[in-house]
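**Q** These are the residues of each chain, in order.
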Amino acid sequence: MVSMILKMSGVTLLYVLLTIVVWFWTKDKEITRFKKLVIGIVFGISSVLSTHFGIQYEKMIINVRDIGPLAAGLFFSPGAGVIAGLIGGIERYIAGTYFGVSSYTRIACSISTCLAGFVAMGMKIKVFKGKKPSPFYAFFMGAVMEVFHMYVVFITHRDDMRMAFLVVSTCSIPMIIFTGIGLSVSSIILQVLAGEWHNPFAPNDEEKEPLSQKFQKWLFIITSIVILSNFLFSFLIQTQSAMQDCETMLDKNVDAVRAQYEYDDYTIKVDNSVWFGIIDSDRRIIRGKNQGIKLPVAEFQRLTKNMNNIFRGTYWGEKAFIYAEWYDKDTMIVTAISEVEVYWHRDADAYESGFSNILLFTVIYVLIAYLVNQIVVNNIHLINESLSKITNGNLNEVVTVRTSSEFASLSDDINQTVLTLKGYIAAAEKKIEQELILARTIQASSLPQVFSFPDRDEFELFATMKPAKEVGGDFYDFFFVDINRIALVIADVSGKGIPAALFMMRSKTAIRSFTVSGGTPEEILAKTNETLCEGNEAEMFVTVWIGIIDLTTGLMQCANAGHEYPVIRHGDGDYELFKDKHSLALAAMPVVKSKPYEIQLQPGDRIFVYTDGVPEAINKDEKQYGTERMLQTLNSVKEKSITDTLPEISESIKEFKGDAEQFDDITMLGFEYVKPLVWG
Amino acid sequence: MLNINKVKEGSKLTIAIEGRLDTTTAPQLENVINEEIEGVTDLTFDLKALDYISSAGLRVLLSSQKIMNKQGNMVVKNSSEEVLEIFEVTGFSDIFTIE
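Chain order of the listed sequences is S and W. Numbers 1148 to 1827, taken from the working numbering, label the letters of the first sequence in order. Numbers 143 to 241, taken from the working numbering, label the letters of the second sequence in order.
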């Protein structure tokens, strides 16, 4: 027994080692056709070797041949499993038929080994979906394959059940266990090597457990309980019926012995499996087993105590069911059937029905697990795929899993939800759009729209603002500081949209109120900066150019806080970029030191200021409009009034950018100093 | 299009920006900075492959500068001439350390 366990462990270990070696050989590489063939042959040969180096146990030869095709198929390639199975199985048949190697079980062995390859292929492809089985399933596969093996031994020897039972009762347990363990250990080691190992006994996080696994677990538990209870029930029934058969036999034979003895038949005939004895008061056997010899005292005393009763005891040292009755006052008749004889049929039946139950329920289990996967899990994956498309923003995705009423209604529900959501989004969009249109109107109306001042002909003025989104962060402004002086402002808030628009309103109000309350551009920018820095959590900033023109003298006081260079045209000359002194944009840093400057304007001089939306407008090749092109355009229309010049620039930008999206707000302000203001 | 490559070595963070840094792409950079800036004492922006920076992009650099004023140094390097000009015009060249 111990030597058998050690030898079987050794052979199984060899298989595990072979599996590891092959794993290293195919690691990180694609398993090519050639490699599949090699793996199939190697494991086939290992099966052949295990046939010929079987292990002697209780006059039987046991082996773990079926590990070969199972390991090749489950761990490497389904094709390799089939090849290994055919090699191992066919060789086993030939060796059994022509060379007398364990020929009694040759059919069962070769069928089960051939089939092992195909079973491994089916399981690998359909159930494990190309992955390696877990240690638990690997054990299960190996064990069930051997159960099948043993079952085939039974059904191929229906006419010789005693021998079949002897073979199976000796071989089945070690072969089932070692085949299972061999595959299981291989699976554990491969998982550890591949870094996929996790402790199966660690408490499972329910959220991480796949539905199919949970289902399989319960299915397995229920199946096991059904098999076990079915087995116990039929075992009990079989025991009962064996006992009844035994009683009938003993009764029948005791009568037969009595009748034959009365006729003084010297040769008394009884049924094959029954022992009898006619014993005198001196314990001597007159007729029957061990005739002429005295029955041991202990056995004789038990007989006399249990007269006319069937009881369990020993008869000639063997455990048996015994019945004794008096023939006359000195002589007794004993019939006995050994326990082995009584129970072998029950045991053979138990093995057979146990095996067939295991096979049947395994097939049911695999089918149900497979169907659950096909019907439920795969559909859930399909629905999840659709859902992830939907959550990624594709609201036009429709879920179309309609394979059962539950899935159809789930699909309908999801589609309905998405439809409702779409409705809400459309409604919300419409509302936002309406609000943005309102915001745009408010913003546009906050910028001065009237460019002619009654009774003022000392200057000409025009400005436009075209936001990239509904509302923008650019603004222009112009207003009289006092009766002699007009202020021009152009500014650009960082960013676009609502946040920029809000910041723009703050900036515009601050600049205008500080300008009107008097002060130089330097002071105006400093105060505005201070105001804007307060509560500027969004860290926005605004670039500002401001010019205050004294219309009586034409002197313009300016300051530029990070804004684009102004364009100036003196008299009939060209428009030119005026590279003025810059300071940092407002609201960027708490303290700003601006660098004011002055420009003396003569009648006919023009100022053109703009935001970066003009030079940085891009076409579809991402080329910028640029200040050069802006100046060229300005100079090409320099005969036109400033009011007519601005639309020319807008037109030129529009032409340049073509189909490209307007990227930034585009704002321009033009001013011409026509003549000095003279009072009186 | 904007590509952001970040390299962090201890408390040194270098962010290389490639493409256009404008209203649509600035939030990406802002997210990267918000995730990475904690504990950084030396922040370097490599603008070698930056084609364009808009005011929204400047805003992100400005807020990084404000954070780095409290916890270390910030350097802007390899700016192209166009980008440099934008820094000049907006006055940010006064507050950034440009190399």
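To be clear, the hints were calculated from the coordinates, so they are not data collected in a lab. The model shown is predicted, which means the values in this text are computed figures rather than measured ones. All C-beta atoms in this analysis are idealised placements derived from N, C-alpha and C, irrespective of residue type, glycine included. Keep in mind that a hint or two might mislead.
Below, in silico cross-link-like pairs of lysine-lysine (DSS-like), each with a Cα-Cα straight-line distance of 27 Å or less [what the hints assert, rightly or not]:
no. : chain 1 : residue 1 : chain 2 : residue 2
1   : S       : K1726     : W       : K190
2   : W       : K208      : S       : K1742
3   : W       : K208      : W       : K154
4   : S       : K1740     : S       : K1767
5   : W       : K212      : S       : K1770
6   : W       : K208      : S       : K1674
7   : S       : K1740     : W       : K208
8   : S       : K1740     : W       : K212
9   : S       : K1740     : W       : K219
10  : S       : K1728     : W       : K219
11  : W       : K212      : S       : K1674
12  : S       : K1726     : W       : K219
13  : S       : K1466     : S       : K1399
14  : S       : K1613     : S       : K1569
15  : S       : K1770     : W       : K154
16  : S       : K1416     : S       : K1276
17  : W       : K148      : W       : K208
18  : W       : K208      : S       : K1767
19  : S       : K1279     : S       : K1174
20  : W       : K148      : S       : K1728
Among the chain W residues that face chain S by a calculated CB cut under 8 Å, a handful are [to be verified]:
no. : residue
21  : N147
22  : I179
23  : G181
24  : S196
25  : R201
26  : K208
27  : D236
28  : I237
29  : I240
**Q** Are N147 of chain W and chain S close enough, Cβ to Cβ, to be under 8 Å, as the hint says?
**A** N147 of chain W check fails; min Cβ-Cβ to chain S is 21 Å, beyond 8 Å.
**Q** Measure nothing beyond the straight line between the CA atoms of K1740 of chain S and K219 of chain W; if it is 27 Å or shorter, mark the hint as holding.
**A** 25 Å, holds
**Q** Next item in the hint list is G181 of chain W. Is there a CB on chain S closer than 8 Å to its CB?
**A** 21 Å, violated
**Q** Mind checking the alpha carbons of K212 of chain W and K1674 of chain S for me, to see if they're no more than 27 Å apart?
**A** 25 Å, holds
**Q** Going straight from one Cα to the other, do K1613 of chain S and K1569 of chain S come out at no more than 27 Å?
**A** Answer violated: K1613 of chain S to K1569 of chain S is near 31 Å, above 27 Å.
**Q** Decide if the proposed pair is consistent with the structure: K148 of chain W and K1728 of chain S, CA atoms, cutoff 27 Å inclusive.
**A** Violated. K148 of chain W to K1728 of chain S sits at ~36 Å, over the 27 Å cutoff.
**Q** Would you settle whether the hint for I240 of chain W is holds or violated, based on the nearest Cβ-Cβ distance to chain S being less than 8 Å?
**A** 14 Å, violated
**Q** With the threshold set at 27 Å, check whether the alpha-carbon distance from K1466 of chain S to K1399 of chain S stays at or below it.
**A** 20 Å, holds
**Q** Using Cβ atoms only, decide whether K208 of chain W comes closer than 8 Å to chain S, and label the hint accordingly.
**A** For K208 of chain W, the interface hint holds, since the closest Cβ of chain S sits about 7 Å away, which is under 8 Å.
**Q** Hey, K148 of chain W versus K208 of chain W, does the alpha-carbon distance stay inside 27 Å?
**A** 20 Å, holds
**Q** Checking one constraint from the list: CA of K1770 of chain S to CA of K154 of chain W, max 27 Å. Satisfied?
**A** 35 Å, violated
**Q** Could you check if I179 of chain W really has its C-beta closer than 8 Å to a C-beta on chain S?
**A** Because about 14 Å separates I179 of chain W from the closest Cβ in chain S, which is outside the 8 Å limit, the hint is violated.
Hint compliance for this structure: hints 4, 5, 14, 15, 16, 18, 20, 21, 22, 23 and 29 are not met, and every other hint is.
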